[in-house]
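J.: Take the sequences, apply the hints, and build the full model.
Heads up, the sequence shown is in my numbering, so the first residue is -4 and it goes up one at a time.
Please note that a few of the clues may not be correct.
Unchecked claim - Simulated crosslink set (PhoX-like; lysine-lysine; CA at most 25 Å straight-line):
| # | residue 1 | residue 2 |
| --- | --- | --- |
| 1 | K65 | K24 |
| 2 | K24 | K42 |
| 3 | K65 | K42 |
| 4 | K17 | K67 |
| 5 | K42 | K67 |
| 6 | K17 | K47 |
| 7 | K67 | K24 |
| 8 | K42 | K17 |
| 9 | K24 | K47 |
| 10 | K67 | K47 |
| 11 | K65 | K47 |
| 12 | K65 | K17 |
Source of the hints: derived by calculation from the structure; they are not laboratory data.
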Amino acid sequence: SNVTNMYEMFYACEEFNQDISKWDVSSVKDMSYMFSECVLFSQGISKWDVSKVEDMDDIFRGCEIREENKPKFNG
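T.: Below, the structure is given as structure tokens:
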């Protein structure tokens, strides 16, 4: 995928809990606030390639997602 910005993509989508585990996010640089206030989101996205992400500020603020379901961010 050529998408580089997912800033606030699902911000405050309180009912969102779709399986997006197979999304190609390998080109994304900004995921800040992507799932903020998505209170029901709990899908496993731990296998996402987030090696190019530079900003993940508050990506899961207000989410119930478990630690093992989160992508591994090294930035």
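J.: K65 and K24: Cα distance at most 25 Å?
T.: 16 Å, holds
J.: Is the hinted pair K65 and K42 satisfied, with a Cα-Cα distance of at most 25 Å?
T.: 8 Å, holds
J.: Would the hint linking K65 and K47 be met if the CA-CA limit is 25 Å?
T.: 16 Å, holds
J.: Starting from K67, check that the Cα of K47 is at most 25 Å away, please.
T.: 12 Å, holds
J.: Would you mind confirming whether the straight-line C-alpha gap from K65 to K17 stays at or under 25 Å?
T.: Roughly 14 Å between the alpha carbons, so the hint for K65 and K17 holds.
J.: Between the alpha carbons of K17 and K47, is the straight-line distance 25 Å or under?
T.: 17 Å, holds
J.: Quick one, are K24 and K47 close enough, alpha carbons at most 25 Å?
T.: Status holds; Cα separation ~6 Å.
J.: Below or equal to 25 Å on CA atoms is what counts here, so check K17 against K67.
T.: 15 Å, holds
J.: Measure nothing beyond the straight line between the CA atoms of K24 and K42; if it is 25 Å or shorter, mark the hint as holding.
T.: 16 Å, holds
J.: Can the restraint linking K42 and K67 be considered satisfied, given a maximum Cα separation of 25 Å?
T.: 8 Å, holds
J.: Does K67 pair with K24 here, judged by a C-alpha cut-off of 25 Å?
T.: Holds: K67 and K24 sit about 14 Å apart, inside 25 Å.
J.: For the pair we were handed, K42 and K17, check the Cα-Cα distance against 25 Å.
T.: Distance of about 8 Å is within 25 Å: holds.
Going through the hint list in order, the structure satisfies each hint without exception.
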